[in-house]
Structure formats: structure tokens, C-alpha cells
Amino acid sequence: DTGVSQDPRHKITKRGQNVTFRCDPISEHNRLYWYRQTLGQGPEFLTYFQNEAQLEKSRLLSDRFSAERPKGSFSTLEIQRTEQGDSAMYLCASSSRQGSVETQYFGPGTRLLVL
Amino acid sequence: EDQVTQSPEALRLQEGESSSLNCSYTVSGLRGLFWYRQDPGKGPEFLFTLYSAGEEKEKERLKATLTKKESFLHITAPKPEDSATYLCAPKAAGNKLTFGGGTRVLVKP
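As they're listed, the protein sequences go chains A and B.
The first sequence begins at 3 in the numbering used here and counts up by one.
The second sequence begins at 2 in the numbering used here and counts up by one.
Simulated from the structure, these hints should not be mistaken for laboratory data.
This one's a predicted model, so the numbers in the text were calculated from it and none came from an experiment.
One or more of the hints may lead you astray.
[Said to hold, decoys possible] Covered, in the sense of this in silico footprint (three residues per stretch, anywhere, with C-beta under 8 Å from a C-beta of chain A), are these stretches of chain B:
id: 1; stretch: 42-50
id: 2; stretch: 92-104
[Stated by the list, open to error] Keeping only pairs whose Cα atoms sit at most 20 Å apart, straight-line, the calculated SDA-like set for lysine to any residue is:
id: 3; chain 1: A; residue 1: K59; chain 2: B; residue 2: K80
id: 4; chain 1: B; residue 1: K64; chain 2: B; residue 2: R38
id: 5; chain 1: B; residue 1: K64; chain 2: B; residue 2: K80
id: 6; chain 1: B; residue 1: K97; chain 2: A; residue 2: V116
id: 7; chain 1: A; residue 1: K13; chain 2: A; residue 2: V116
id: 8; chain 1: B; residue 1: K97; chain 2: B; residue 2: L31
id: 9; chain 1: B; residue 1: K70; chain 2: B; residue 2: G30
id: 10; chain 1: B; residue 1: K97; chain 2: A; residue 2: K13
id: 11; chain 1: B; residue 1: K97; chain 2: A; residue 2: P110
id: 12; chain 1: B; residue 1: K43; chain 2: A; residue 2: E46
id: 13; chain 1: B; residue 1: K97; chain 2: A; residue 2: F76
[What the hints assert, rightly or not] Pair ranges (Cβ atoms, derived):
id: 14; chain 1: B; residue 1: Q4; chain 2: A; residue 2: Q56; range: 37 to 45 Å
id: 15; chain 1: B; residue 1: G42; chain 2: A; residue 2: L117; range: 16 to 24 Å
id: 16; chain 1: B; residue 1: G42; chain 2: A; residue 2: T15; range: 14 to 22 Å
C-beta atoms are modelled at their ideal positions from N, C-alpha and C, and glycine is treated no differently.
So here's chain A without its partners, still in its complex pose (with noise of 0.2 Å):
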């Protein structure tokens, strides 16, 4: 398995665009979670998936935010009418619960920067 995977990489948009971030968890884990990263800061938590459902949401999730995750497997992060404080690295992460144990793995990330 080749890891998580985040697509794009980069994305640079205008202000007032919408844009959608799409990740694809380690194939086995059922967990899948959402976390933003600005310049200089450790990761912040958006949003957890446990299978297609979504159960827990940060109150840093506005609702211009909106995340699927339809059949399990990959989801999709989306921003509707961006702002210039949207710009940030968004991180994927995906895990699965083994006994007591819970290891979270990060993909690459998307950096967006909204101009």
C-alpha cells in the first residue's frame, strides 16, 4: 500500500472561487480525518469519518466547508466562496482502530492559496 494520497497538491484560486480537495485513505483503515495547518502552526482539526459517516465536526468548520465521504472509501473536502484566510495546507489523515491502538497516517497534503 502506497499510503494516504491528496489531490492536487497545490491549488491557487481566487477569492469568492470554490474548490474541492479529494483524499484517499490507506485502503484498509475505516477512519478518515481532515486537518488544516497555517504557516508556523501544528494541524488543526476539521472533520472525522468512521466509514461513510460523518461524527465530529470542529467549530473551525464553517459552512462554506463541506466534507463527503460517500462510500467509505476516498473523500472530498469542499470550500465554497473562498476567502484569503482559507489559505493553508490542508492534511488528510486515515487510521484504524486495532485493540487500544490508533495510529493516524497524513498524506502529503493540499496547499491552497487563495489570492
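Starting from the known structure of chain A, fit chain B onto it as the hints suggest.
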């Protein structure tokens, strides 16, 4: 609210100069503390998980330790390839990781 503070923010070391990074946390019901390494422009890479006070884990030149309120990442005789940002993330009940701001380590030859 869960809080995580990493210090120092940045660390410049000469090759071979050992040092320690600190992660202080306030988390209710710790379920594990994770250390990740992050290279510029890349996603975090998993290093260790520590579950209970007194636990230690090692990987090459890195050793992580855990107390009830802190974790330390010791870098012994670092090499330039150890240059990266090191992130700690305690995990409380629930599913999300709460990351600190990271320590940027630069090892000069």
C-alpha cells in the same frame, strides 16, 4: 479545553550536539501522546505513541519519554537529516489529535 505547548519554538544544533524538545499538555483523560516529524511542504510522519507515564520509546537517534504533564523528545548525536519540525499531539477521549505548534530543528554539519 485541551492545551499543548511545545518548546523551544526553534532549535539550532551542531551535528552531534544532543538536545531535548519539550511538549507540555493539559488534556483530560489522556489516551496516548503522539510524536510526528514534518519536513517542509509535506505531511506529518508518525514517529511514536506513548500511552502511560514512565513509558519510553526509541527510534534511531530519537527517544521519547512521557510523564503525567509532559513529554520529551531527546535527539542524541543528531545528523543534518534530523532537521525537521517535530510535532507532539496528545489524544483525549474522542478521535481528534490536538497538536502543539511544533519545534523546528535545524542541524548544521
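Results of checking the hints against the structure:
no.: 1; hint: 42-50; in the structure: holds (count 7)
no.: 2; hint: 92-104; in the structure: holds (count 9)
no.: 3; hint: A/K59 x B/K80; in the structure: violated (40 Å)
no.: 4; hint: B/K64 x B/R38; in the structure: holds (13 Å)
no.: 5; hint: B/K64 x B/K80; in the structure: holds (15 Å)
no.: 6; hint: B/K97 x A/V116; in the structure: violated (27 Å)
no.: 7; hint: A/K13 x A/V116; in the structure: holds (8 Å)
no.: 8; hint: B/K97 x B/L31; in the structure: holds (12 Å)
no.: 9; hint: B/K70 x B/G30; in the structure: holds (12 Å)
no.: 10; hint: B/K97 x A/K13; in the structure: violated (26 Å)
no.: 11; hint: B/K97 x A/P110; in the structure: holds (18 Å)
no.: 12; hint: B/K43 x A/E46; in the structure: holds (16 Å)
no.: 13; hint: B/K97 x A/F76; in the structure: holds (19 Å)
no.: 14; hint: B/Q4 x A/Q56: 37 to 45 Å; in the structure: violated (26 Å)
no.: 15; hint: B/G42 x A/L117: 16 to 24 Å; in the structure: holds (19 Å)
no.: 16; hint: B/G42 x A/T15: 14 to 22 Å; in the structure: holds (19 Å)
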